[in-house]
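2 protein chains.
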Amino acid sequence: MYDAPIRDMLFVMKELAGLDEIAALPGGEDATPETVEAVLHEAAKLCGEVLAPLNAEGDRHPSHWDDGEVHASPGFAEAFRHYVAGGWQGVQHPQEYEGQGLPKLVGTPCVEMLNSANLSFALCPLLTDGAIEALLTAGSEAQKQRYVPKLISGEWTGTMNLTEPQAGSDLAAVRTRAEPQGDGTYKLFGTKIFITWGEHDMAENIVHLVLARTPDAPEGVKGISLFIVPKFLVNADGSSGARNDVQCVSIEHKLGIKASPTAVLQYGDQGGAIGELIGEENRGLEYMFIMMNAARFAVGMQGVAISERAYQKALGYAKERVQSRPVDGSSKAAVTIVHHPDVRRMLGTMRALTEAARALAYAAAGESDRAHRDPDAAARARHQAVYEYLVPIVKGWSTESSIEVTSFGVQVHGGMGFIEETGAAQFYRDARILPIYEGTTAIQANDLIGRKTLRDGGAVAKALAAEIGKTVAELGAQDGGAFKSMAKYLAFGRGAFESAVDFVLANAKRDPNAVFAGSVPYLMLAGVVLGGWQMARAMLAAQRLMPHDPAFYGAKIATAQCYAEQVLPRALALEAGIVNAKGDEGVLALPEDQF
Amino acid sequence: MYDAPIRDMLFVMKELAGLDEIAALPGGEDATPETVEAVLHEAAKLCGEVLAPLNAEGDRHPSHWDDGEVHASPGFAEAFRHYVAGGWQGVQHPQEYEGQGLPKLVGTPCVEMLNSANLSFALCPLLTDGAIEALLTAGSEAQKQRYVPKLISGEWTGTMNLTEPQAGSDLAAVRTRAEPQGDGTYKLFGTKIFITWGEHDMAENIVHLVLARTPDAPEGVKGISLFIVPKFLVNADGSSGARNDVQCVSIEHKLGIKASPTAVLQYGDQGGAIGELIGEENRGLEYMFIMMNAARFAVGMQGVAISERAYQKALGYAKERVQSRPVDGSSKAAVTIVHHPDVRRMLGTMRALTEAARALAYAAAGESDRAHRDPDAAARARHQAVYEYLVPIVKGWSTESSIEVTSFGVQVHGGMGFIEETGAAQFYRDARILPIYEGTTAIQANDLIGRKTLRDGGAVAKALAAEIGKTVAELGAQDGGAFKSMAKYLAFGRGAFESAVDFVLANAKRDPNAVFAGSVPYLMLAGVVLGGWQMARAMLAAQRLMPHDPAFYGAKIATAQCYAEQVLPRALALEAGIVNAKGDEGVLALPEDQF
Chain Z
1 MYDAPIRDML
11 FVMKELAGLD
21 EIAALPGGED
31 ATPETVEAVL
41 HEAAKLCGEV
51 LAPLNAEGDR
61 HPSHWDDGEV
71 HASPGFAEAF
81 RHYVAGGWQG
91 VQHPQEYEGQ
101 GLPKLVGTPC
111 VEMLNSANLS
121 FALCPLLTDG
131 AIEALLTAGS
141 EAQKQRYVPK
151 LISGEWTGTM
161 NLTEPQAGSD
171 LAAVRTRAEP
181 QGDGTYKLFG
191 TKIFITWGEH
201 DMAENIVHLV
211 LARTPDAPEG
221 VKGISLFIVP
231 KFLVNADGSS
241 GARNDVQCVS
251 IEHKLGIKAS
261 PTAVLQYGDQ
271 GGAIGELIGE
281 ENRGLEYMFI
291 MMNAARFAVG
301 MQGVAISERA
311 YQKALGYAKE
321 RVQSRPVDGS
331 SKAAVTIVHH
341 PDVRRMLGTM
351 RALTEAARAL
361 AYAAAGESDR
371 AHRDPDAAAR
381 ARHQAVYEYL
391 VPIVKGWSTE
401 SSIEVTSFGV
411 QVHGGMGFIE
421 ETGAAQFYRD
431 ARILPIYEGT
441 TAIQANDLIG
451 RKTLRDGGAV
461 AKALAAEIGK
471 TVAELGAQDG
481 GAFKSMAKYL
491 AFGRGAFESA
501 VDFVLANAKR
511 DPNAVFAGSV
521 PYLMLAGVVL
531 GGWQMARAML
541 AAQRLMPHDP
551 AFYGAKIATA
561 QCYAEQVLPR
571 ALALEAGIVN
581 AKGDEGVLAL
591 PEDQF
Chain S
1 MYDAPIRDML
11 FVMKELAGLD
21 EIAALPGGED
31 ATPETVEAVL
41 HEAAKLCGEV
51 LAPLNAEGDR
61 HPSHWDDGEV
71 HASPGFAEAF
81 RHYVAGGWQG
91 VQHPQEYEGQ
101 GLPKLVGTPC
111 VEMLNSANLS
121 FALCPLLTDG
131 AIEALLTAGS
141 EAQKQRYVPK
151 LISGEWTGTM
161 NLTEPQAGSD
171 LAAVRTRAEP
181 QGDGTYKLFG
191 TKIFITWGEH
201 DMAENIVHLV
211 LARTPDAPEG
221 VKGISLFIVP
231 KFLVNADGSS
241 GARNDVQCVS
251 IEHKLGIKAS
261 PTAVLQYGDQ
271 GGAIGELIGE
281 ENRGLEYMFI
291 MMNAARFAVG
301 MQGVAISERA
311 YQKALGYAKE
321 RVQSRPVDGS
331 SKAAVTIVHH
341 PDVRRMLGTM
351 RALTEAARAL
361 AYAAAGESDR
371 AHRDPDAAAR
381 ARHQAVYEYL
391 VPIVKGWSTE
401 SSIEVTSFGV
411 QVHGGMGFIE
421 ETGAAQFYRD
431 ARILPIYEGT
441 TAIQANDLIG
451 RKTLRDGGAV
461 AKALAAEIGK
471 TVAELGAQDG
481 GAFKSMAKYL
491 AFGRGAFESA
501 VDFVLANAKR
511 DPNAVFAGSV
521 PYLMLAGVVL
531 GGWQMARAML
541 AAQRLMPHDP
551 AFYGAKIATA
561 QCYAEQVLPR
571 ALALEAGIVN
581 AKGDEGVLAL
591 PEDQF
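Chains as they are written, first to last, in UniProt numbering: chain Z, 1 to 595; chain S, 1 to 595.
These are computed hints drawn from the structure, not numbers from a lab.
Given the structure is predicted, the values throughout are model-derived calculations rather than measurements.
All the pointers check out, no bait thrown in.
Identical copies carry no separate label here, and so any pair may be met within one copy or between two of them.
Calculated pairs, DSS-like style, for lysine-lysine (alpha carbon to alpha carbon, straight line, at most 30 Å):
id	residue 1	residue 2
1	Lys144	Lys187
2	Lys462	Lys509
3	Lys462	Lys488
4	Lys222	Lys509
5	Lys222	Lys319
6	Lys470	Lys582
7	Lys332	Lys509
All chains should be built: construct the whole structure from the sequences, respecting the hints.
Have a look at this one:
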């Protein structure tokens with residue numbers, strides 16, 4: 001059902017993301033090649049044997065609400081016990097709080113596998129990871145001690161409570177109130193919606209991290225604070241105590257990820273939900289962004305993960321299904337459909353998009369590790385800036401791509417793809433949430449333009465473009481159609497990317513509507529080109545390693561060629577959608593009543 | 001819920017598809033401007049008031065199977081009686097069989113409305129239309145008299161029975177047997193799957209048109225015959241008689257179009273299903289193609305229709321939902337999201353894709369009318385060739401576009417789009433079948449390459465490219481950013497299209513794998529460019545008509561500009577995916593075990 005692509009993962013980790021260098025940085029001692037391989041194989045076993053078989057089951061039997069309680073899908077609670085017993089929740093978290101302290105680059109393939117196996121299930125640990133990150137960064141030492149080890153052990157799980165009915169993308173509109181009680185605690189009142197795993201029966205307690213306003217807080221995003229509101233209050237000895245005043249009043253009926261309960265949580269209907277402040281008042285958004293950045297990267301990995309799973313499923317079908325004779329007349333009999341050129345185009349494009357998104361995300365994880373572990377402060381800052389530039393792209397582009405890949409997955413199956421029992425349709429439905437939650441693609445694109453491109457005057461973007469230029473030059477020194485195609489279209493892509501960056505820098509002030517109309521195309525263009533750059537680096541590495549295994553490395557080059565010819569040229573189309581926009585023309589100028 | 005875009009439809013019919021000229025051809029006398037408008041308004045009323053409200057209801061309460069009987073979704077049977085009582089099944093069919101004999105160009109917007117209102121419902125008349133076409137073309141006069149009036153009146157409905165478990169796209173693999181009984185009838189034995197509206201309780205009889213093999217038939221597609229197998233045998237007086245030996249053994253559980261029953265039909269389990277031959281033995285595929293071509297065009301219209309509906313839904317939400325302040329600082333308060341540039345980009349692209357697909361389909365319908373009605377035989381042949389070239393594009397491109405448009409429809413709704421009660425997700429699910437049934441996009445693309453491009457040496461394709469060149473020249477004579485963008489990208493698009501046609505012509509024999517690997521990109525490229533051509537013609541017409549209504553015609557120009565900048569440049573990317581393919585490189589050369 002799911003066979004983790006460990007060899008592909010290790011290739012990317014070692015050849016593109018710099019695993020050996022990262023393992024050599026302070027704190028990387030445990031990431032020996034043997035440990036890393038062992039971790040990946042153990043993760044693959046758990047995901048393949050325990051979690052993947054529950055995926056379709058969870059879709060057929062969604063989590064369900066019953067008078068305030070939510071029961072997880074059949075088998076999920078037991079699988080969760082397996083998961084936490086294996087120590088998987090702590091892979092990337094510090095050893096002092098019972099984590100394993102491995103680099104993000106090593107944790108990332110584990111996250112990918114978990115999400116390939118079972119996206120709905122994986123959301124629970126994903127949100128818990130975010131809660132841990134926020135606590136570690138902004139919590140007091142007492143809060144860290146009280147909550148983090150229990151979250152890592154899986155006795156408790158974590159959630160993020162941002163959205164309210166009137167406050168979706170716009171957190172300035174948050175209205176949930178937090179009233180100080182004079183004893184250091186607060187009472188919270190309000191309604192939060194779209195809370196993933198906001199209520200369930202897989203753990204003994206749930207630690208809600210909640211955005212709310214104190215009575216005298218300023219308007220807008222500068223008046224939001226972050227609170228810990230556990231489902232059960234925590235006793236002095238760390239055990240769970242009385243039930244807190246937070247109730248799950250319903251869960252949503254959704255297009256996909258049906259096993260993952262999406263809760264409406266009501267705070268304070270019986271006098272107020274007791275919460276404690278994290279960090280300082282009015283700095284909640286800043287802390288939440290820590291959590292969100294971790295979560296956004298992880299959602300990007302969900303895009304990679306579901307693409308990989310959809311590819312495996314489609315490939316399995318294409319190798320089994322016999323239909324029609326080959327177009328080149330090489331057989332009088334019908335053949336398996338993997339022999340038909342259009343099926344190869346679809347499978348090749350699925351695989352190329354998946355491998356490129358994986359490579360870009362793992363490379364970003366490597367940047368994050370260097371940003372945390374490099375002994376040189378200037379290097380840390382440089383890597384942090386690159387990581388932050390890449391996060392909205394990993395989130396936005398990988399997830400948008402996953403819509404395309406899972407749609408190809410349905411198409412490869414033909415009519416069977418539309419039948420739910422086949423399973424391809426579930427990936428198509430599940431994937432559709434990815435470009436929406438943790439910030440829609442437009443929100444990612446706003447971040448990419450505002451915080452990541454304009455703020456540094458395009459410095460990171462231009463530095464990346466310069467690196468791409470070096471890779472184009474290296475490609476030029478190689479022979480063969482694959483390298484020629486890649487050199488040609490990566491050079492076009494780099495030009496389109498630079499032209500888009502220049503347009504953004506030149507017009508953001510004088511014509512913001514035009515720039516933001518091109519924001520998502522800019523994000524997609526960056527993804528297409530940076531993903532292509534990683535594929536180019538992959539083919540150069542594969543060429544070097546070819547003698548060790550011509551079949552495996554040859555496939556890397558073939559996949560990169562497919563990317564170069566089928567995906568990279570989209571950069572030209574995306575560029576046109578960015579640089580032609582003018583705020584006083586076309587749909588931007590059209591009066592509302594003419595839409 | 002659904003407001004038929006009658007004015008947009010009439011604009012396309014008159015300014016782009018040549019309604020006035022077609023009405024002036026022999027047999028077009030009834031298509032007076034007053035009649036056409038009246039027909040459209042009546043259709044809009046039925047679709048908006050009766051059928052659209054049943055759409056979500058049908059999704060929530062799919063048709064269901066009960067011991068061989070299939071019960072249509074609540075309200076469907078009554079709505080079907082309304083539909084046939086209004087004479088809608090007969091709009092395009094001959095008056096001598098109780099139809100209205102209106103041009104296809106007039107019937108097409110009615111088909112669009114029906115499908116916008118309720119795609120699942122519309123499939124029943126769509127298949128009946130196909131059965132009528134096949135009977136009219138290949139049936140004996142007695143068969144026509146016996147079946148067609150009852151199909152037009154809606155007393156009976158029709159189906160197409162092609163697919164078998166081992167015979168999906170490859171009809172050569174059909175195994176259903178038809179044994180002659182010596183009395184002119186045959187007994188049929190076999191299993192047919194994916195039979196849309198193959199069993200239901202909305203009409204008193206169902207006329208199955210079934211592909212099967214007679215005992216001595218040759219292998220492959222040259223040994224397939226077409227049979228009429230009614231659910232109830234038809235008595236000499238035309239009334240329904242004994243139950244025939246065809247049973248619905250199950251219906252499918254599908255991703256979308258849940259109200260439309262997709263039946264598995266078992267023929268001959270109790271001694272043989274009685275059938276009568278249509279036309280001659282072994283010419284079944286040829287007759288079925290008549291039906292399929294009509295059905296393929298209609299499925300293309302389904303793509304247009306569901307795109308329009310998804311656009312209306314997303315637009316309604318965008319005009320109501322208040323979220324975030326505008327990026328240009330024009331308001332301190334949050335605004336409706338239709339003011340945000342990325343939402344405008346999404347809505348604009350949805351609308352541009354929808355209008356272009358509509359324009360291309362209606363133009364094709366106009367070609368079909370001229371092919372039937374032009375007094376000049378050479379002109380008829382010319383129009384028929386253009387129509388046949390356009391059918392796979394209308395089918396393939398409009399339906400692939402509908403995936404993108406309905407996906408945008410979900411995205412515009414943000415998190416609410418993923419909640420089933422919102423309704424946007426249904427369109428996304430329903431649309432997913434469109435590029436699959438009646439021949440997948442790859443099958444359409446094979447047709448476009450084999451029968452429509454290679455067979456005439458690219459003559460029709462080149463003639464269309466020449467016409468596009470004239471339009472580019474006309475655009476050059478106009479001022480303004482919209483015309484400049486369209487002239488630029490339509491010229492690029494035309495170049496890409498010609499380059500793709502040249503590649504196909506040059507390589508089909510010596511490297512068929514390469515050509516067929518680019519078959520779907522070629523189809524999509526043709527759609528993007530020919531759709532762009534229609535948008536260019538629309539903007540020229542709008543410019544001419546501008547003084548009559550600057551707001552309406554200005555919106556046409558703005559939408560065309562959006563198409564020019566956001567959609568047409570894709571031609572460049574698609575071209576790269578076609579002309580670089582070589583059968584001995586990349587994924588085409590990769591050994592199967594390396595996929």
